[in-house]
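K.L.:
The residues making up each chain are set out below.
2 protein chains.
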Amino acid sequence: MNNFQFSQPTVCIFGREPESAFKEQLRKRNVKKVLFHYGGGSIKKNGVYDMVSAVLKELNIETIELSGVQPNPRVTLVREGIDICRKNGIDLILAVGGGSVIDSAKGIAVGAAYDGDVWDLYIDKAGESDLKKPLIPVGVVLTIPAAGSESSPGSVLSNDEGLMKRPLNSELIIPVFAVLNPEYTFTLPVYQVACGCSDIMAHMFERYFTRQKNVDVTDRQLEANMRSMLHYSKLAQDFSDDYDIKAEVMWAGTIAHNDMLSCGRSGDWASHNIEHELSAIYDIYHGEGLSIVFPAWIRYCWKDDPERFLQFFKRVFDVDYAFSHAERAINEGIARLENYYTSLGLPIRLSQVEIGEDRLREMADKCVMHRGDSIGNFKKLTADDIYNIYRLAL
Amino acid sequence: MNNFQFSQPTVCIFGREPESAFKEQLRKRNVKKVLFHYGGGSIKKNGVYDMVSAVLKELNIETIELSGVQPNPRVTLVREGIDICRKNGIDLILAVGGGSVIDSAKGIAVGAAYDGDVWDLYIDKAGESDLKKPLIPVGVVLTIPAAGSESSPGSVLSNDEGLMKRPLNSELIIPVFAVLNPEYTFTLPVYQVACGCSDIMAHMFERYFTRQKNVDVTDRQLEANMRSMLHYSKLAQDFSDDYDIKAEVMWAGTIAHNDMLSCGRSGDWASHNIEHELSAIYDIYHGEGLSIVFPAWIRYCWKDDPERFLQFFKRVFDVDYAFSHAERAINEGIARLENYYTSLGLPIRLSQVEIGEDRLREMADKCVMHRGDSIGNFKKLTADDIYNIYRLAL
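As given, the protein sequences belong to chains A and B, one line each in that order.
If you read the first sequence in the numbering used here, its first letter stands for residue 7, the second for the next number, and so on.
If you read the second sequence in the numbering used here, its first letter stands for residue 7, the second for the next number, and so on.
Everything labelled a hint here was simulated from the structure, so no lab data went into it.
Quick caveat: nothing in here was measured; it's all calculated off a predicted structure.
A few of these clues could be false.
All copies of an identical chain are treated as equivalent in the list; a pair is satisfied when it fits inside any one copy or across any two copies.
Below are the SDA-like pairs computed for lysine to any residue, each with C-alpha atoms no more than 20 Å apart in a straight line [claimed, not checked]:
(1) K372 to R305
(2) K50 to K386
(3) K51 to L398
(4) K138 to R321
(5) K50 to E177
(6) K51 to P312
(7) K29 to R365
(8) K139 to W275
(9) K139 to R35
(10) K309 to P195
(11) K372 to S59
(12) K29 to Q11
(13) K385 to L83
(14) K38 to W125
(15) K51 to Y346
(16) K29 to Y288
(17) K219 to S246
(18) K39 to L398
(19) K39 to F192
(20) K50 to P143
(21) K320 to E229
(22) K63 to A389
(23) K138 to N165
(24) K320 to R365
(25) K139 to N36
(26) K34 to P140
(27) K34 to R365
(28) K51 to D364
(29) K386 to G362
(30) K29 to S13
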């Protein structure tokens, strides 16, 4: 087990009728001026916009709205938000939406504390030591269980110049509170539910596939949460307004990425980066990119540590083959993983989202750029490896 | 699932060579005067006292020592600590030891913020609203994985007047940081290891035995951690200086009680209170009291919700009987639980710790005192019920 530090400072307000606890968070921080940040307007249809507006109005909080966050959130909108924060003395950025909105809000918070261009922070041209502290805090009202960004230190932004998508990790941008009401997810389209579940699963796969030995407690925690997701993903599509089902998925999604499940281990994260190249160029959903990349990544990497994958497929997917038939068990496991994705309506091959061979080499090269020519901790992957994985996913 | 709020503010510093992270916590809080609180002196033999002293000296932190915390920590020593804090302007209480030392430190913190006698806060004669805030923060250097007090809001104290043992729960006393170095647990006697494991398990049993429906995600998290403990408890006795084994137990113990595993559910906690009467009068270890009480409590209560216990014994203890044989499966499950305790050298009957029939009625009556004549959430237990459970444990 590795040394680690863990705390989970985000106050998660989970359940129905969160208004009074939400107000308490705003009051106790003495919030006066909020940047109300959201996406394409779905929150105006499902009542969440009205709930948030009513709370802000009741507390006499001055509010500036910045909407229009897209999936794969763009640094251009983040720059607008930074400008608003500076000109108006914003004291809380309220992200109302899913992971894209939250990541965009985090980008604004970190960018407002930096003298140069915010993109520098995403391509490691600048870091935490270049920031003016304290940052403007980020609060969250979550509407999509997926990214886990509501209590994580991560933010991923896209830059249309060069079609780049890059992550930033800093404890300084962990949200101070997150309102998690499963009812807010009832109106999510079924395909979005699937993409969210795929993202939640991927956060756990990345953590599970480690070379670190003696991490049994977190292994079992991960397996437990993956089994819950296997069980509830399809139910969340089929019974979209069942509170209890939506609640299980929402909480599993937060746990999956709040770093409790990283304690003592180093995750892999290659698949996330391999996917980011797909969504950067083709603007597909992150969740559908992940359901394409993961089976291919496992096919390419499992022989580097068969026991890890055999344990994974045994404990999570109940693949209980004779121990002498490792390869057969792995193949069955991959088939079950693909069945899980397919049952949710997700693609498992690039051809299903109309991505062909033409730009695979370009994406593979770009994926290792600024990263010392390789990615991944479980197995170091070069541009050639990544190219081979894309080909396996065709 | 119930509504809930969750955060885990304690900064857990886990692993070898924690000195620099420990110093960082003291520095960033600008600590000047510490109450160094510990137990019977085992920390002087295993190097922990020297480590802590060296750190405090290096940072020029003025230190007042208060040692002598006993298992089942006494309110009398807490009163001494409160006095020291008031007279010396202590700005951090550093608990170096196990749950008893931490609970005692929390008692000092809460008592120093209260004008009356600290015991009032443990028998609900006074509450949070009577405290002067902010409280003196509590920091922890943990040497016994057991109570989970290092990141919990709980404290349990004993009062020799009336032989009472009572819990207090308040978010105000959650430790601000906890140093968790598995090496500090190498010298723990094997019987103490067993008592600690029994306590860790009990924290999860109390949470697991709920009447709340639709708590599958936390059910599975609990089952995962219980399985880890089943596996590692005996190993932690047999290989006392194996870092990896000790690390798994230490982290499982913290998770078991940091309230992540309570999210959305209400636990039972009757067995803890039934045990507290035993250790209050007979001064037995909490862990050995629990291994006596739990099998009896399950025998007495399982028929109120057989599915919960069948799921528990199936998923945690692998009892895989025909579903038509519920009672047979439960009996087998209880036998396996008792085998687990016995394999660690723990008692499973009152007679094994030389407790007879004579004071059972007295303890049963005392157990419901100040508590509206019943305890427990899974099943409301009256004094008569508790008496019957004690008898089942004879």
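K.L.:
Checking K139 and N36: alpha-carbon separation at most 20 Å within a copy, between copies, both or neither?
P.N.:
So K139 and N36 pass the 20 Å test inside a copy (18 Å) and across (18 Å) alike.
K.L.:
With identical chains treated as interchangeable, where does the CA-CA distance between K39 and L398 reach 20 Å or less: within a copy, between copies, both, or neither?
P.N.:
Close neither inside one copy (50 Å) nor across copies (62 Å); limit 20 Å.
K.L.:
When no copy is named, should K29 and Y288 be tagged within, between, both, or neither for a Cα gap of at most 20 Å?
P.N.:
Result: close neither inside a copy nor across copies, 40 Å intra and 48 Å inter.
K.L.:
Could you place K29 and Q11 in one of the four classes (within, between, both, neither) given a Cα distance threshold of 20 Å?
P.N.:
between (31 Å within a copy, 14 Å between copies)
K.L.:
Between K320 and R365, at a C-alpha cutoff of 20 Å, which is it: within one copy, between copies, both, or neither?
P.N.:
neither (36 Å within a copy, 51 Å between copies)
K.L.:
Between K50 and K386, at a C-alpha cutoff of 20 Å, which is it: within one copy, between copies, both, or neither?
P.N.:
neither (45 Å within a copy, 46 Å between copies)
K.L.:
Classify it for me, K309 with P195: is the Cα-Cα distance of at most 20 Å met within a copy, between copies, both or neither?
P.N.:
The answer is neither: 38 Å in one copy and 42 Å across copies each exceed 20 Å.
K.L.:
Taking 20 Å as the upper bound on the Cα-Cα distance, should K63 and A389 be classified as within, between, both, or neither?
P.N.:
neither (52 Å within a copy, 52 Å between copies)
K.L.:
I want to check one pair: K29 and R365. Are their C-alpha atoms no more than 20 Å apart within a copy, between two copies, both, or neither?
P.N.:
Neither, since 49 Å and 51 Å both go past 20 Å.
K.L.:
When Cα atoms must be at most 20 Å apart, do K372 and R305 count as within-copy, between-copy, both, or neither?
P.N.:
Classified as neither: same-chain Cα gap 22 Å, cross-chain 63 Å, threshold 20 Å.
K.L.:
When Cα atoms must be at most 20 Å apart, do K138 and R321 count as within-copy, between-copy, both, or neither?
P.N.:
neither (46 Å within a copy, 50 Å between copies)
K.L.:
Between copies, within a copy, both or neither: which fits K34 and P140 at Cα up to 20 Å?
P.N.:
For K34 and P140, the Cα distance is within 20 Å both inside one copy (17 Å) and across copies (14 Å).
In summary, the structure is inconsistent with hints 1, 2, 3, 4, 5, 6, 7, 8, 10, 11, 13, 14, 15, 16, 18, 19, 20, 22, 23, 24, 27, 28, 29 from the numbered list given earlier, while agreeing with the others.
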